[in-house]
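J.: Sequence:
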Amino acid sequence: MSRLFETYTKKIVPAISKELNVSNVHNVPKIEKIVVNVGAGEAVQNSKVIDAIVGDLKLITGQKPVVTRAKKSIASFKLREGMPIGVMVTLRNKRMYEFLDRVISIALPRVKDFKGVSPSSFDGKGNYNFAVREQLVFPEIEFDRIDKIRGFALCRICFRIKAGFGLLPGVIKSSCRGYADTYPQFCPAEKSVCFFPASKLKLAILKVLYEEGFITVELKYYPNMKQSVIRKIQRVSRPGLRIYKNHNELPRIINKPVSIPDSVKVTQSAGLLKFKGAKGETELSIPDFLKIAVNGNTLQVSSTEDKSQIIIGATYRQLLPIKLPKTLILEGIGFKVSVSGSSLNLQLGFSHPVKYDFSSKVKIAVDGNKIMIESAEKDLLGQTAAEIRRLRPPEPYKGKGIRYDGEVILRKAGQRPRVSVYKSLKYIYVQAIDDVKGVTLCSHSTCVKDFKQKHPEAAINVETAKILGNEFGQKLKEKGLESVVFDRNGYKYHGRVKSLADGIRESGINF
Numbered sequence: 001m002s003r004l005f006e007t008y009t010k011k012i013v014p015a016i017s018k019e020l021n022v023s024n025v026h027n028v029p030k031i032e033k034i035v036v037n038v039g040a041g042e043a044v045q046n047s048k049v050i051d052a053i054v055g056d057l058k059l060i061t062g063q064k065p066v067v068t069r070a071k072k073s074i075a076s077f078k079l080r081e082g083m084p085i086g087v088m089v090t091l092r093n094k095r096m097y098e099f100l101d102r103v104i105s106i107a108l109p110r111v112k113d114f115k116g117v118s119p120s121s122f123d124g125k126g127n128y129n130f131a132v133r134e135q136l137v138f139p140e141i142e143f144d145r146i147d148k149i150r151g152f153a154l155c156r157i158c159f160r161i162k163a164g165f166g167l168l169p170g171v172i173k174s175s176c177r178g179y180a181d182t183y184p185q186f187c188p189a190e191k192s193v194c195f196f197p198a199s200k201l202k203l204a205i206l207k208v209l210y211e212e213g214f215i216t217v218e219l220k221y222y223p224n225m226k227q228s229v230i231r232k233i234q235r236v237s238r239p240g241l242r243i244y245k246n247h248n249e250l251p252r253i254i255n256k257p258v259s260i261p262d263s264v265k266v267t268q269s270a271g272l273l274k275f276k277g278a279k280g281e282t283e284l285s286i287p288d289f290l291k292i293a294v295n296g297n298t299l300q301v302s303s304t305e306d307k308s309q310i311i312i313g314a315t316y317r318q319l320l321p322i323k324l325p326k327t328l329i330l331e332g333i334g335f336k337v338s339v340s341g342s343s344l345n346l347q348l349g350f351s352h353p354v355k356y357d358f359s360s361k362v363k364i365a366v367d368g369n370k371i372m373i374e375s376a377e378k379d380l381l382g383q384t385a386a387e388i389r390r391l392r393p394p395e396p397y398k399g400k401g402i403r404y405d406g407e408v409i410l411r412k413a414g415q416r417p418r419v420s421v422y423k424s425l426k427y428i429y430v431q432a433i434d435d436v437k438g439v440t441l442c443s444h445s446t447c448v449k450d451f452k453q454k455h456p457e458a459a460i461n462v463e464t465a466k467i468l469g470n471e472f473g474q475k476l477k478e479k480g481l482e483s484v485v486f487d488r489n490g491y492k493y494h495g496r497v498k499s500l501a502d503g504i505r506e507s508g509i510n511f
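According to the UniProt record's numbering, numbering within the sequence shown proceeds without interruption in unit steps and concludes at 511.
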């Protein structure tokens, strides 16, 4: 008996019967069948595509698929009646529950950036539809044997409901239980700070709820305190010069002491830290939940265990005006820079030179293609660096422009092959894809026979990833490739992916 079927009969059916007040178990919504469908429009040009899809579906579902054919001819699509245009499998009974169990417990967790399935995917007849973009999420598919990544209109799950469609919302979640159940993202927050993905729909719902009096907009106050969160609003940058970061990229180090140079004097008063040095004076406003202690030549920042307050404390630690130099780098043939008084003269590949006048509170030095900026004021330092960078922002293909030292530029593939990496606790798989032709040029994995024979005791760690990257780089060179680009956010890599990239570079491949 399938694990999912056993759970359904012993736990789900009694619970739903009790909740919906249904005496006959046959009136409880039940899955009748699962239809897995793959469209193959490219089969019009290449009939061998159907054979590859049939093989993949047979491995995934454990049942021989049926080839679907065109019902009528369409000249604009070069389609004739009776031509194969897709593959379909219908699963029932034991195979249906086993397949659904594998989809829920194995396949969906392997989907990139998986955020769950939507209850709104039900149609008016009790059918549920969703899709996956890659067949690689199923462990039955071997990476080295596929000719192309394909998506599945994975499940058309048909519910049999004898008592009417009105019972089905009780299975998933009733959409008529009031605003708290219908819009859980707008319920009173249990934490001090909550974040939800923004969308036009949520903004429209918020507006309706606000107009009807279900929510109020007011100034937030700290718990158990009569002091507002916002005490002062100060403009520190101009529109277009801000840098937005993911919460994972925000600083989290808060307990590490910050050393104070001998030339800087720090004094502390109510909610303020004052810094006085050879380059001038500045002050920093501190929220009440943060504690900053001055111990001789060090500053110690501490906060509560609340996650959001730790991030805020770590950010304030970064804002302390100590060790402030900022460096910009010019990337490009013929790019030059020089300083003349309080002006910066730049040659940035335009038909004319660019002149930038900076504040007297800022000190700028030039060394080759590097621009070093120093200032006693943290906000003025960042503002000046952002304005200089805006003169020629780095472009995503060759990286030409002005960038921060250490800044990662997300590069686009252009005509270069794209390197894609898949990793788990049991394997690492890397492949080079030509997006223009839509083919895989080269691939390598820790699961292939040659790699296992060369490294029989290799664990899935950074050392193995570096070896794999080196061997993959050699394969790329054999294919005549000298330059590749990482896909998506591959430039912001760490751990095994970083080690794999280092191995590819050591083999002589240029990123």
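Do not take every clue at face value.
Computed spacing ranges between beta-carbons, pair by pair [claimed, not checked]: (1) K115 - E457: 31 to 41 Å; (2) L108 - S342: 41 to 51 Å; (3) D405 - S105: 57 to 67 Å; (4) K355 - K498: 54 to 64 Å; (5) L391 - S105: 29 to 39 Å; (6) E211 - K94: 18 to 28 Å; (7) K112 - L201: 17 to 27 Å; (8) Y404 - N297: 39 to 49 Å; (9) K112 - K449: 34 to 44 Å.
Dumping the calculated EDC-like pairs for lysine to aspartate or glutamate here, alpha-carbon to alpha-carbon at most 16 Å [unchecked claim]: (10) K94 - E32; (11) K326 - E283; (12) K274 - E377; (13) K363 - E387; (14) K466 - D434; (15) K423 - E463; (16) K274 - E387; (17) K452 - D434; (18) K326 - D450; (19) K361 - E374; (20) K112 - E98; (21) K449 - D434; (22) K94 - E211.
Rather than coming from a laboratory, the hints here were simulated on the basis of the structure.
For clarity, every value in this text was computed on a predicted model and none was experimentally measured.
Even glycine gets a Cβ: it sits at the ideal position worked out from N, Cα and C.
J.: It remains to establish, for every hint, whether it holds in the given structure.
T.: Results for each hint:
1. About 38 Å separates the C-beta atoms of K115 and E457, a value consistent with the hinted range of 31 to 41 Å.
2. In this structure, L108 and S342 break the distance hint of 41 to 51 Å, their C-beta atoms being roughly 59 Å apart.
3. Judged by the Cβ atoms, the range 57 to 67 Å given for D405 and S105 is violated: they are separated by roughly 46 Å.
4. Take K355 and K498: their Cβ atoms lie about 40 Å apart, and the range 54 to 64 Å is violated.
5. One distance hint, 29 to 39 Å for the beta-carbon pair L391 and S105, is violated here, with the actual separation near 53 Å.
6. A beta carbon spacing of about 53 Å between E211 and K94 contradicts the range 18 to 28 Å that was offered as a hint.
7. Hint check: K112 to L201, Cβ distance near 23 Å, so the stated range 17 to 27 Å holds.
8. A hinted range of 39 to 49 Å for the beta carbons of Y404 and N297 is inconsistent with their spacing of about 29 Å.
9. Here the CB-CB span from K112 to K449 is close to 27 Å, at odds with the stated 34 to 44 Å.
10. At most 16 Å may separate the alpha-carbon atoms for a hinted pair to count; K94 and E32 meet this at roughly 11 Å.
11. Under the criterion of a C-alpha separation no larger than 16 Å, the hint pairing K326 with E283 is inconsistent with the structure, at around 19 Å.
12. At roughly 12 Å between alpha-carbon atoms, K274 and E377 fall within 16 Å of each other, so this suggested pair holds.
13. Taking the CA atoms of K363 and E387, the gap is near 15 Å; set against the 16 Å cutoff, the hint holds.
14. With a C-alpha separation of about 23 Å, the suggested pairing of K466 with D434 is violated against the 16 Å cut-off.
15. Restraint check for K423 and E463: satisfied, since their Cα atoms lie roughly 14 Å apart, inside the 16 Å limit.
16. At most 16 Å may separate the alpha-carbon atoms for a hinted pair to count; K274 and E387 exceed this at roughly 27 Å.
17. Restraint check: the Cα-Cα separation between K452 and D434 comes to about 27 Å, which exceeds 16 Å; the hinted pair is violated.
18. Taking the CA atoms of K326 and D450, the gap is near 48 Å; set against the 16 Å cutoff, the hint is violated.
19. With a C-alpha separation of about 9 Å, the suggested pair K361 and E374 falls inside the 16 Å cut-off, and the hint holds.
20. The hinted pair formed by K112 and E98 fails the criterion: a straight-line CA distance of about 23 Å is larger than 16 Å.
21. Note on K449 and D434: the hinted pairing is violated, with a Cα-Cα distance of about 25 Å set against a maximum of 16 Å.
22. Taking the CA atoms of K94 and E211, the gap is near 51 Å; set against the 16 Å cutoff, the hint is violated.
In terms of the numbered hints stated before, the structure departs from hints 2, 3, 4, 5, 6, 8, 9, 11, 14, 16, 17, 18, 20, 21 and 22, listed from lowest to highest.
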